Every structure is written in structure tokens, then in C-alpha cells.
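Asker: Listed here are the chains, written in short residue letters.
There are 2 protein chains.
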Amino acid sequence: MSTVKYAEDLAVGDVVELGSHTVSKAELLDFAGAWDPQEFHVEPEAAEKGWFGGLIASGIHSMAVLQRLSVDGWYRDVSVICGRDLRDVRFLRPVRPDDTLTGSIVVDDVVLDDHGRGLVTTTSELRKADGPVVLSVVTDLYVRRRPAEG
Amino acid sequence: MSTVKYAEDLAVGDVVELGSHTVSKAELLDFAGAWDPQEFHVEPEAAEKGWFGGLIASGIHSMAVLQRLSVDGWYRDVSVICGRDLRDVRFLRPVRPDDTLTGSIVVDDVVLDDHGRGLVTTTSELRKADGPVVLSVVTDLYVRRRPAEG
Numbered sequence: 048m049s050t051v052k053y054a055e056d057l058a059v060g061d062v063v064e065l066g067s068h069t070v071s072k073a074e075l076l077d078f079a080g081a082w083d084p085q086e087f088h089v090e091p092e093a094a095e096k097g098w099f100g101g102l103i104a105s106g107i108h109s110m111a112v113l114q115r116l117s118v119d120g121w122y123r124d125v126s127v128i129c130g131r132d133l134r135d136v137r138f139l140r141p142v143r144p145d146d147t148l149t150g151s152i153v154v155d156d157v158v159l160d161d162h163g164r165g166l167v168t169t170t171s172e173l174r175k176a177d178g179p180v181v182l183s184v185v186t187d188l189y190v191r192r193r194p195a196e197g
Numbered sequence: 048m049s050t051v052k053y054a055e056d057l058a059v060g061d062v063v064e065l066g067s068h069t070v071s072k073a074e075l076l077d078f079a080g081a082w083d084p085q086e087f088h089v090e091p092e093a094a095e096k097g098w099f100g101g102l103i104a105s106g107i108h109s110m111a112v113l114q115r116l117s118v119d120g121w122y123r124d125v126s127v128i129c130g131r132d133l134r135d136v137r138f139l140r141p142v143r144p145d146d147t148l149t150g151s152i153v154v155d156d157v158v159l160d161d162h163g164r165g166l167v168t169t170t171s172e173l174r175k176a177d178g179p180v181v182l183s184v185v186t187d188l189y190v191r192r193r194p195a196e197g
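These protein sequence lines map, in sequence, to chains A and B. Residue 169 in the working numbering sits at position 122 of the first sequence; the count goes up by one each step and never skips. Residue 187 in the working numbering sits at position 140 of the second sequence; the count goes up by one each step and never skips.
Note that these hints are calculated values from the structure, not bench results. Values in this document were obtained by computation on a predicted structure and should not be read as measured data. Backbone N, C-alpha and C fix where the C-beta goes; we use that ideal spot for every residue, glycine too. Watch out, some of these pointers could steer you wrong.
Claimed, not checked - Computed footprint of chain A on chain B; a stretch qualifies when at least three of its residues, placed anywhere within it, have a C-beta under 8 Å from a C-beta of chain A:
1. 80-93
2. 97-105
3. 124-137
Could you put the whole structure together from the sequences, leaning on the hints where they help?
Answerer: Printed below as a string of C-alpha cells:
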């Protein structure tokens, strides 16, 4: 079991390579059917004739994939309180059925406060297997400061 | 069936009141189990002892609720191409089991381009039944311009 990281343990410039997740057509349709039932996400035939020439994943689905990879690959080792906000969420390219997406996180800033917290700013990305970035997210996240020894 | 709205049909200051959605404990655990399995989202006992004194919903789940309400209450009537980006996604208050969330959208800007699109900026919110805003999102969305008559 790895040692938990507190805000003091994170440094500007830290890079975390996350794992990968493949978005199957079934998962794409299931997520969008529940949360984002626009026809370019849920109706294959209409999507074929539409702007993107085929089904694309909901942007919220892409964000959910990035979150899951972030939890499994980093947040599990960090004493996270919660996310405060997201900035600059960019849907740069469409995600299509069977795309395999790989994540990464860079620590951009760490600001300690007097309430036992650090506000940690990160830039996270999801990339397709051949390289292009499909999603970029700037996150402000509260992380616990190291408890005083007692 | 309502007439589809194009970018030219949207005006700065338009307000759209969306419907409501109740986040059950089962739905909260299911969403977080799939996409955001941090203990304050998925482990009731650990969450009781944690920062928020009980389970809270994943922020991505709150965003998914807002997206579903936006699709059902507005996007279905608008010729949406896709979202381009989100800005200022603020998780203002925790969402807890059995919270009923109601959505609204305000149109902040409409910029027509020469590629058959308008870039529509909106501010969307989710509120608890007693009023406090839990989520605020600024969205830039591409919407089709009205086709030339032919």
C-alpha cells in the first residue's frame, strides 16, 4: 500500500501518467442514453448523416472516463477532500466507439491555506492511442495538509 | 412537435427553466462506483467520518444531471452541433442522497460564424429544492445557423 500524499507532498511540475480505457459502442450508447440522449450520441443512423458522420461520445462521458482514470491512477494515493471547480474544459476532438483513451495529469499550482487544506491546480488530458488530445481539463482540487504530529 | 431553433432564434438574456431530478442514494452509489470511486462518494461509513459527514455525489454526476435536464428541457428543441468547451464549472455545495435538483439556463452570448454555425454561450445552474445553487457551468455550444432557403 502506497503512502498517502498530502498537499505538502505535491509539487508544481509533477507529472502523473494514468491508465487507459476503451469506450465501447455499448458503453457510449448506455452513458448517453442515461445522461445525454442527443441523436448524435444515441441514434447511429441519424449520427451517420449528421455533422460528425457517426456516433460520438457525450462530453460528460469523456469527463467521466478521465475522472475514473484519475481516481485509479492518482487520487487513490492523495488525501483528496473534493474538487472545487473546473476551468477550461475543452472537447478538442470527438470520441468514437472503440477509441482507447489514455490520461495524464500535470500539477500546475499548490496553494496551502490556514484551514488544513491545499488548493491544487492540475491540467489533465485524455489522448487517443495515436496521440491527439480529445479532452483537456483544468481542475482546482482541495487536498488535506499533513496533520500535525500529536 | 415544437419548431427547431437555430442560432438566429436564440437571444442574449433568454432564460430556460428546466425540469427536476432527484438523486437517489442508489443512483449516487451506482454513478460513483462506475466513474468516481473515491470513498466520500462510495463508502457510506467512511464518508460519515469524513469531511462532509456523509456521502456526497460525484461532481461529474451533478454535471450529468444538468446535462440530462438540459437535453430534455432545451437542447431537444435546438439544432445543436456539439459542445465546444465548459468554463467556470463550480461545485458550490455538496449534493447528498435524495436531493432534488432543478435546472436553469441563461443565454449569455450568440456569435454567428461563416461556417454555418453560431457559438452560443450559456450559464446553467442546478439548485436544491430550498434554493441554494449546487452547480454552475458556463458552456460554449455550437448551434447550426438557419439553412438558406433553397
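Asker: For each hint, tell me whether it holds in the structure or not.
Answerer: For each hint, the structure was consulted:
1. 80-93: With 6 residues closer than 8 Å to chain A, the stretch 80-93 of chain B meets the three-residue bar; holds.
2. 97-105: As far as the stretch 97-105 of chain B goes, the hint holds, because 4 residues have Cβ atoms under 8 Å from chain A.
3. 124-137: Contact hint for the stretch 124-137 of chain B vs chain A: holds, 11 residues under 8 Å.
Every hint from the earlier list agrees with this structure, and none is contradicted.
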